[in-house]
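K.L.:
Residues per chain are reported as follows:
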Amino acid sequence: MPLVNLPTFAPQLIADLEGLGTERVDTPVIQPAEPFLDMAGEDLRRRIFLTESETGKSLCLRPEFTIPVCLRHIETATGTPKRYAYLGEVFRQRREGSNEFYQAGIEDLGEPDVAKADARAVHDALTVLKNRLPGVAFSVVLGDQAVFEAVVAACGLPAGWQKRLVHAFGNQAQLQRLMADLSDPAPSGVFGPEVDRLAILGKLDDEATLIAHIDATMEETGYSTNASRSPADIARRLREKMELANTRLDARTLALLREFLALELSLAEAPGALAGFAEKAGLSLGAALLRFESRVAALSATGVDPATITYRAAFGRPLDYYTGLVFEIAPAGEALVLAGGGRFDRLLTLLGAKERIPAVGFSLWLDRIAGVKGAAA
Amino acid sequence: MTVTIGLPSKGRMKEDSSAVLARAGFSVVAVGNDRSYRGRVEGRDDIEIAFLSASEISREIANGTVDFGVTGEDLVREGLAEADARVEFCARLGFGHADVVVAVPEIWLDVDTMADLGDVAQDFRARHGRRLTIATKYWRLTQQFFSGNHGIQLYRIVESLGATEGAPASGSADIIVDITSTGSTLTANHLKILSDGVILKSEACLVRARKQEHEGDPVVAEIIARVRGAL
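The listed protein sequences correspond, in order, to chains A and B. Per the UniProt record's numbering, residue 1 is the first one in the first sequence, and the count goes up by one each step. Per the UniProt record's numbering, residue 1 is the first one in the second sequence, and the count goes up by one each step.
The set of hints was computed from the structure by calculation and includes no laboratory data. One or more of the hints may lead you astray.
To be clear about the criterion: a stretch of chain A counts as covered by chain B if any three or more of its residues have a C-beta under 8 angstroms from a C-beta of chain B, and this derived list gives those stretches [as the list claims (entries may be wrong)]:
id, segment
1, 30-40
2, 126-140
3, 225-234
4, 315-322
Only pairs whose alpha carbons sit at most 16 angstroms apart, straight line, appear in this in silico EDC-like list of lysine to aspartate or glutamate [as the list claims (entries may be wrong)]:
id, chain 1, residue 1, chain 2, residue 2
5, A, 82, A, 305
6, A, 57, B, 159
7, B, 10, B, 34
8, A, 163, B, 123
9, A, 130, A, 345
10, B, 10, B, 56
Below, a sample of chain A positions facing chain B; criterion: calculated Cβ distance under 7 angstroms [said to hold, decoys possible]:
id, residue
11, 43
12, 192
13, 238
14, 283
15, 284
The beta-carbon is built from N, C-alpha and C at its ideal position, and this holds for glycine as well.
Let the hints inform the model, and build the full structure from the sequences given.
P.N.:
Listed below in structure tokens is the structure:
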């Protein structure tokens with residue numbers, strides 16, 4: 001096995017990225033582990049290579065590029081908009097395939113025209129793939145969390161439920177389970193015996209009394225009132241939960257959500273289908289639908305035919321910094337994802353950026369591209 | 001082939017394991033003095049005993065250096081990825097009961113289920129500028145239960161090697177995942193177990209390393225059959 005695993009087409013790919021008007025960046029292979037675990041959750045711990053500095057600081061081998069590129073952007077404070085390109089090795093513990101492999105991609109930071117930037121991300125990923133894999137047909141799947149959020153909001157569901165549903169979006173099993181739970185009152189209304197006791201004592205009647213009771217109990221039992229959840233936090237959510245205790249997701253709303261999540265059709269027909277769905281259901285999807293339409297128009301303007309893209313309403317990523325567009329590109333008829341991307345408008349703020357920076361990007365799996373190239377040759 | 005059984009080297013677990021084996025007709029004696037880390041079964045040259053600490057036993061089973069071990073299911077499932085593919089739980093022995101549970105401060109009046117906890121975790125960063133923290137020594141079980149069973153990703157684990165139940169009051173973590181047998185330590189620390197927060201009902205088990213050479217070995221089959229018969 002050759003020790004050098006940089007794909008032979010890397011120089012051409014770098015030229016592709018440069019031709020798309022980007023600035024090449026590199027980031028250290030050894031990264032602080034905290035931002036990755038904070039953004040993606042503890043699950044990531046099993047899938048990355050962790051180590052420690054002499055001083056006990058948690059470090060990891062770069063598992064992907066988006067977070068390092070964004071952190072570098074924040075550090076260098078060079079202003080937006082910026083189009084960064086990268087190509088380098090990433091390290092992940094995988095059951096199958098090598099633990100170290102190359103990725104390349106573009107992170108497009110701070111472009112205020114969201115539709116244009118979204119369209120450009122899909123276009124750029126397709127352009128690079130077509131250049132590197134001439135003659136190969138691709139299938140593109142696209143999803144949009146913002147449309148789901150708009151559907152949930154338009155259904156008039158309680159705020160707490162909206163958050164739960166949006167949070168589960170992208171995880172099919174979890175979302176289906178949650179919808180079933182919300183339709184069945186039992187699991188949503190569990191209260192401990194202490195809450196029953198407080199109800200009898202009349203301590204739940206108004207929020208101020210409840211907060212005072214929680215505050216006093218925390219003092220007595222040696223719990224700090226500001227280290228973790230505060231008395232006000234607990235009181236507010238308890239009252240919210242009590243208001244929801246006798247509510248359930250009605251059959252009509254459940255059917256609507258299921259109908260929406262089952263939508264899968266050509267992106268060219270998707271704006272019409274979504275408008276039709278909204279009208280039939282009597283929902284106003286407003287701005288989310290407009291943004292969806294303008295993205296489709298912007299895609300056409302870049303020369304990508306929306307009819308060649310599949311819109312799947314249930315497609316998303318269950319991470320809280322993904323906010324809108326997600327897409328994946330695979331060889332037609334195969335499940336092998338060669339490129340994946342999406343919009344992450346919340347990430348830079350979460351990583352410490354002072355102002356809100358809208359962002360969209362994609363990454364390419366070079367080992368998989370090399371595999372397809374080998375098979376085609 | 002000589003079959004090696006790893007047994008706990010001290011305390012209640014040592015006595016209880018020896019008692020179960022004795023009822024199964026395997027009388028365990030230490031080689032040399034009482035403190036020895038090697039033992040044998042009276043009248044059986046084909047069985048060896050290795051006295052090990054409870055956490056070592058799961059590791060030694062995984063390595064295949066012992067054929068059987070008596071240890072808590074929690075330690076095996078925490079210590080080994082894909083435990084069921086690597087070991088067989090041959091018998092549940094009826095002692096060493098301990099539940100691995102998710103416990104939150106009693107005063108979190110609004111939190112009684114994992115779904116409640118998911119809501120809290122989701123908002124935590126926006127409200128407190130950091131993720132929800134869990135004190136535990138059960139990294140693997142916590143991750144599997146939170147993300148696998150309940151779709152909760154947004155939390156951070158704070159490693160805790162002792163007095164985990166004190167972490168929420170001391171402010172070093174928000175909630176805990178820990179073992180409990182009677183629940184009294186949790187109550188004393190003003191913690192409550194979530195109604196669907198039992199991750200694992202653990203007890204001492206006879207555990208076998210899945211090894212090729214065990215197939216058709218009469219001693220291996222005999223140990224399993226006699227321990228099961230003694231319960």
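K.L.:
Each hint should be assessed against the structure and marked as holding or not.
P.N.:
Results for each hint:
1. 30-40: holds (count 3)
2. 126-140: violated (count 0)
3. 225-234: holds (count 5)
4. 315-322: holds (count 3)
5. A:82 / A:305: Violated. Residue 82 of chain A to residue 305 of chain A sits at ~26 angstroms, over the 16 angstroms cutoff.
6. A:57 / B:159: holds, 14 angstroms
7. B:10 / B:34: Satisfied, since the Cα-Cα distance of roughly 10 angstroms is no more than 16 angstroms.
8. A:163 / B:123: The given pair, whose Cα atoms are some 9 angstroms apart, holds under the 16 angstroms limit.
9. A:130 / A:345: Violated, because 28 angstroms separates the two Cα atoms, which is more than 16 angstroms.
10. B:10 / B:56: holds, 13 angstroms
11. 43: With Cβ-Cβ at 5 angstroms, under 7 angstroms, it holds.
12. 192: Status holds, d = 5 angstroms.
13. 238: holds, 4 angstroms
14. 283: Violated, because the Cβ-Cβ distance from residue 283 of chain A to chain B comes to roughly 24 angstroms (cut-off 7 angstroms).
15. 284: This interface hint is violated because 26 angstroms lies over the 7 angstroms limit.
When each numbered hint is compared with the structure, violations occur for hints 2, 5, 9, 14, 15.
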